[in-house]
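There are 2 protein chains.
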Amino acid sequence: MRRTVFFVSDGTAITAETFGHSLLTQFQGIKFREIRLPFVDTEAKAHDSVELINKVAAAGEDKPLVFSTIVNHKVGRELTHAHAHIFDMFATFMEPLERVLGVESSPRIGRAHGMGDSDSYEHRMEATNYALTHDDGISKHLSQAEVILVGVSRSGKTPTCLYLALHYGIKAANYPLTEEDLEQPRLPPFLREHKGKLFGLTIDAERLCRIRETRRPGSRYASARQCRYEVDAAESLLRSEGVTLLSSTGSSVEELASRIILNLGLSASHS
Amino acid sequence: MRRTVFFVSDGTAITAETFGHSLLTQFQGIKFREIRLPFVDTEAKAHDSVELINKVAAAGEDKPLVFSTIVNHKVGRELTHAHAHIFDMFATFMEPLERVLGVESSPRIGRAHGMGDSDSYEHRMEATNYALTHDDGISKHLSQAEVILVGVSRSGKTPTCLYLALHYGIKAANYPLTEEDLEQPRLPPFLREHKGKLFGLTIDAERLCRIRETRRPGSRYASARQCRYEVDAAESLLRSEGVTLLSSTGSSVEELASRIILNLGLSASHS
Numbered sequence: 422m423r424r425t426v427f428f429v430s431d432g433t434a435i436t437a438e439t440f441g442h443s444l445l446t447q448f449q450g451i452k453f454r455e456i457r458l459p460f461v462d463t464e465a466k467a468h469d470s471v472e473l474i475n476k477v478a479a480a481g482e483d484k485p486l487v488f489s490t491i492v493n494h495k496v497g498r499e500l501t502h503a504h505a506h507i508f509d510m511f512a513t514f515m516e517p518l519e520r521v522l523g524v525e526s527s528p529r530i531g532r533a534h535g536m537g538d539s540d541s542y543e544h545r546m547e548a549t550n551y552a553l554t555h556d557d558g559i560s561k562h563l564s565q566a567e568v569i570l571v572g573v574s575r576s577g578k579t580p581t582c583l584y585l586a587l588h589y590g591i592k593a594a595n596y597p598l599t600e601e602d603l604e605q606p607r608l609p610p611f612l613r614e615h616k617g618k619l620f621g622l623t624i625d626a627e628r629l630c631r632i633r634e635t636r637r638p639g640s641r642y643a644s645a646r647q648c649r650y651e652v653d654a655a656e657s658l659l660r661s662e663g664v665t666l667l668s669s670t671g672s673s674v675e676e677l678a679s680r681i682i683l684n685l686g687l688s689a690s691h692s
Numbered sequence: 422m423r424r425t426v427f428f429v430s431d432g433t434a435i436t437a438e439t440f441g442h443s444l445l446t447q448f449q450g451i452k453f454r455e456i457r458l459p460f461v462d463t464e465a466k467a468h469d470s471v472e473l474i475n476k477v478a479a480a481g482e483d484k485p486l487v488f489s490t491i492v493n494h495k496v497g498r499e500l501t502h503a504h505a506h507i508f509d510m511f512a513t514f515m516e517p518l519e520r521v522l523g524v525e526s527s528p529r530i531g532r533a534h535g536m537g538d539s540d541s542y543e544h545r546m547e548a549t550n551y552a553l554t555h556d557d558g559i560s561k562h563l564s565q566a567e568v569i570l571v572g573v574s575r576s577g578k579t580p581t582c583l584y585l586a587l588h589y590g591i592k593a594a595n596y597p598l599t600e601e602d603l604e605q606p607r608l609p610p611f612l613r614e615h616k617g618k619l620f621g622l623t624i625d626a627e628r629l630c631r632i633r634e635t636r637r638p639g640s641r642y643a644s645a646r647q648c649r650y651e652v653d654a655a656e657s658l659l660r661s662e663g664v665t666l667l668s669s670t671g672s673s674v675e676e677l678a679s680r681i682i683l684n685l686g687l688s689a690s691h692s
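As given, the protein sequences belong to chains A and B, one line each in that order. When the letters of the first sequence are read in order and numbered with this note's numbering, they come out as residues 422 to 692. When the letters of the second sequence are read in order and numbered with this note's numbering, they come out as residues 422 to 692.
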């Protein structure tokens with residue numbers, strides 16, 4: 422079974438995609454072909470989208486699905502001419518939300534993923550810059566950090582820091598534990614002084630081995646023995662310091678970031 | 422006016438947050454205090470969440486809002502005991518979606534932002550690594566790039582590349598045009614040979630000036646004259662080469678990424 426799915430929006434279509442994608446992940450037996458139609462912000466563009474959807478509808482067996490988050494009523498109305506099953510998040514929830522809040526909405530496009538609140542946007546860009554300049558132990562001056570991820574090389578620290586920064590404007594640094602660090606009974610002082618911000622990131626030794634092998638095939642660095650030693654030593658060092666350990670083996674960067682935010686009670690300035 | 426809003430989910434709560442946040446951006450007059458409650462995946466945790474929500478409800482004037490994307494029915498049902506207005510994305514759309522698809526959903530938590538399809542997740546992590554190793558002109562070997570962003574220093578190339586990589590698994594490189602490049606009549610050959618993947622990123626000279634000023638205060642690099650010269654020269658060089666120009670002045674990284682994907686017709690392996 423295969424269905425074509427459109428994510429249509431007058432903005433980036435990120436909300437439409439997130440909304441539709443989340444629902445579709447609950448249907449494992451069906452293959453979905455996903456097509457994004459962002460920036461559909463005029464009736465003319467909506468008309469073009471309808472033509473595209475109808476072409477797919479005419480060619481295929483089953484009616485396409487459309488997940489829509491169009492803000493503008495006129496543009497949204499145009500879309501109802503599509504030969505498709507339409508799931509419209511805004512149309513569905515806006516009216517009850519207006520009732521609950523006791524005010525009418527003031528429709529404006531592109532608020533959810535535009536620059537919106539420009540302070541919070543700047544904050545995210547600054548945090549991203551911070552993550553890059555405090556990646557991989559580049560800087561040991563960590564007083565500005567809100568989060569410091571510590572773990573062996575290739576345990577997944579960098580993407581997690583970037584995600585925290587880009588999405589939530591959280592200044593996240595990371596430090597890779599070296600063999601020298603692992604031989605010490607304690608973490609280095611420049612980390613110990615920020616214990617409240619430390620998170621240990623660990624990983625299955627076998628998986629680490631595979632990841633390192635693609636980087637430096639056949640090296641001691643990528644050997645099963647070395648990976649096992651580093652993971653064990655890092656876990657025991659971090660545990661002895663009372664640092665919260667998270668694993669990147671079964672968790673995505675999104676899940677790790679959510680756990681970290683929850684743990685620290687950080688507020689997220691998500692745009 | 423101020424309302425407390427909860428984003429509740431048995432997963433990361435990213436979908437709940439995106440869903441609720443998009444709707445709330447349409448109400449500009451109201452201040453919302455946003456609280457994320459991720460990983461509410463047992464009835465006991467749902468019960469704790471209800472207690473927290475009810476505490477807020479008891480203390481405040483207006484009933485809190487709850488945006489929920491809980492997959493598990495039993496856990497979701499627990500949440501209905503909260504003294505709150507509940508907007509439940511899954512409960513609202515799952516039943517009509519099952520009808521349309523003619524199959525029942527197979528509820529499983531954490532699919533939307535977990536590792537889900539591990540190939541696509543690996544792909545995103547690889548692309549992130551690629552973006553980092555092909556950032557800021559570090560590498561001129563760009564044959565593997567799917568997107569190459571070109572623009573003057575601090576025009577917003579790096580965060581846009583990271584966003585494309587982290588979210589969509591797109592290998593995005595970037596190259597900062599130097600003064601030497603700007604004096605040439607053509608782009609450097611290692612860029613020209615990949616013209617189909619090139620995007621120019623431009624920015625208002627005044628804004629660039631402000632951004633550079635925070636990096637190197639009082640420098641020639643940050644001067645109004647220098648910023649104006651570089652922006653003009655870069656725009657005219659890129660235009661003469663027929664490269665699509667995007668501006669980071671009024672557009673967020675999310676908007677830039679969406680435009681680039683739309684332009685290239687790249688399919689997005691969003692997790």
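Careful, some of the hints might be misleading.
As a list, the in silico DSSO-like pairs of lysine-lysine whose alpha-carbon atoms are at most 30 Å apart [to be verified]:
| id | chain 1 | residue 1 | chain 2 | residue 2 |
| --- | --- | --- | --- | --- |
| 1 | A | Lys495 | B | Lys476 |
| 2 | A | Lys476 | A | Lys466 |
| 3 | B | Lys466 | A | Lys466 |
| 4 | A | Lys466 | A | Lys495 |
| 5 | B | Lys466 | A | Lys616 |
| 6 | A | Lys618 | B | Lys561 |
| 7 | A | Lys618 | B | Lys466 |
| 8 | A | Lys618 | A | Lys561 |
| 9 | B | Lys476 | B | Lys466 |
| 10 | A | Lys466 | B | Lys561 |
| 11 | B | Lys618 | A | Lys476 |
| 12 | A | Lys484 | A | Lys466 |
| 13 | B | Lys466 | B | Lys495 |
| 14 | A | Lys476 | A | Lys452 |
| 15 | B | Lys561 | B | Lys616 |
| 16 | A | Lys452 | B | Lys616 |
Pairwise CB distance ranges, derived in the manner of DEER restraints [stated by the list, open to error]:
| id | chain 1 | residue 1 | chain 2 | residue 2 | range |
| --- | --- | --- | --- | --- | --- |
| 17 | B | Thr501 | A | Ala480 | 39 to 45 Å |
| 18 | A | Leu683 | B | Glu482 | 46 to 52 Å |
| 19 | B | Lys495 | A | Arg646 | 28 to 34 Å |
According to the in silico footprint, chain A covers these stretches of chain B (three or more CB under 8 Å from chain A) [what the hints assert, rightly or not]:
| id | region |
| --- | --- |
| 20 | 443–451 |
| 21 | 466–474 |
| 22 | 514–521 |
| 23 | 560–574 |
| 24 | 600–611 |
| 25 | 643–651 |
| 26 | 679–685 |
These are calculated hints, taken from the structure and not from any lab test. Glycine included, C-beta positions come from ideal geometry on N, C-alpha and C.
Check each numbered hint from earlier against the structure, then list the numbers of those it violates in ascending order. Per hint list: 1, 3, 6, 10, 16, 18, 19, 21, 23, 24, 25 violated.
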